[in-house]
Amino acid sequence: MDIQGLLDSLPEKTSPADREIVQRAFKAAKKVHRKQKRASGEPYVNHCLAVAGILADLGAPIPVIVSGLLHDTVEDTSITLDDINRDFGEEIRILVDGVTKLTQLPRVSHSGKRAQDPLALKGDLAQETLRKTFLAMGDDVRVVVI
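Following the working numbering, the numbering of the sequence shown begins with -1 at its first residue and continues without gaps.
Hints listed in this document are in silico derivations from the structure and should not be mistaken for laboratory results. A couple of the hints might just be wrong.
[To be verified] Using 20 Å as the maximum straight-line C-alpha spacing, the simulated DMTMM-like pairs for lysine to aspartate or glutamate come out as follows: (1) 35 to 80; (2) 25 to 80; (3) 33 to 88; (4) 11 to 81.
[As the list claims (entries may be wrong)] For each label pair, taking beta carbons as the anchor points, the in silico distance ranges come out as: (5) 18 to 40: 32 to 38 Å; (6) 14 to 35: 16 to 22 Å; (7) 0 to 88: 36 to 42 Å; (8) 48 to 18: 28 to 34 Å; (9) 56 to 17: 17 to 23 Å; (10) 35 to 88: 27 to 33 Å; (11) 21 to 88: 30 to 36 Å.
Glycine is no exception: its CB is placed at the ideal position from the N, C-alpha and C atoms.
Using the sequences and the hints given, assemble the complete structure.
Right under this line is the structure:
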């Protein structure tokens, strides 16, 4: 997906101002992720577009889609939450902060026999995902969607 595909996927009733903030968020993500690549070698910003595209397909509101574009900027680049707040507003800053905190939650470690059992580890990973999901929902359920 490219930015035009994302914009085309938005509902027709989306205001010009909302389309413009999506474009600004894409430009910001593209700029700060410009030197980053995925393991596949593709530009990292493609991941941001894919996340935003999924959110748009789900019918998410514009702040959630914009947060999807920006979700890794604070964690992986020089952009700060203050920058997000200044450029995109408090609501988007809160969502991006929530996603950043979700990814930074410590994992529960396991040792002994359980750590060597692949089935037990798979179950532990599922439990860990649920734990992080419930913790994130306490602040803003939209964080979990992003």
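Do the hints match the structure? See the list:
Under the criterion of a C-alpha separation no larger than 20 Å, the hint pairing residue 35 with residue 80 is inconsistent with the structure, at around 25 Å. Distance hint between residue 25 and residue 80 is fulfilled; the C-alpha atoms sit about 18 Å from each other, no more than 20 Å. For the hint linking residue 33 to residue 88, the alpha-carbon distance of about 27 Å lies beyond 20 Å, and the restraint is violated. Distance hint between residue 11 and residue 81 is unfulfilled; the C-alpha atoms sit about 29 Å from each other, more than 20 Å.
For the pair residue 18 and residue 40, the supplied restraint of 32 to 38 Å is violated, since their beta-carbon distance comes to about 26 Å. Remark: the range hint 16 to 22 Å for residue 14 to residue 35 is contradicted by a beta-carbon distance near 33 Å. A hinted range of 36 to 42 Å for the beta carbons of residue 0 and residue 88 is inconsistent with their spacing of about 29 Å. Between residue 48 and residue 18 the Cβ separation comes to about 21 Å, which falls outside the hinted range of 28 to 34 Å.
The supplied range of 17 to 23 Å is met by residue 56 and residue 17, whose beta-carbon atoms lie about 18 Å from each other. Checking the proposed 27 to 33 Å range against residue 35 and residue 88 shows it holds: the Cβ atoms sit about 32 Å from each other. The beta-carbon spacing between residue 21 and residue 88, approximately 20 Å, falls outside the hinted interval of 30 to 36 Å.
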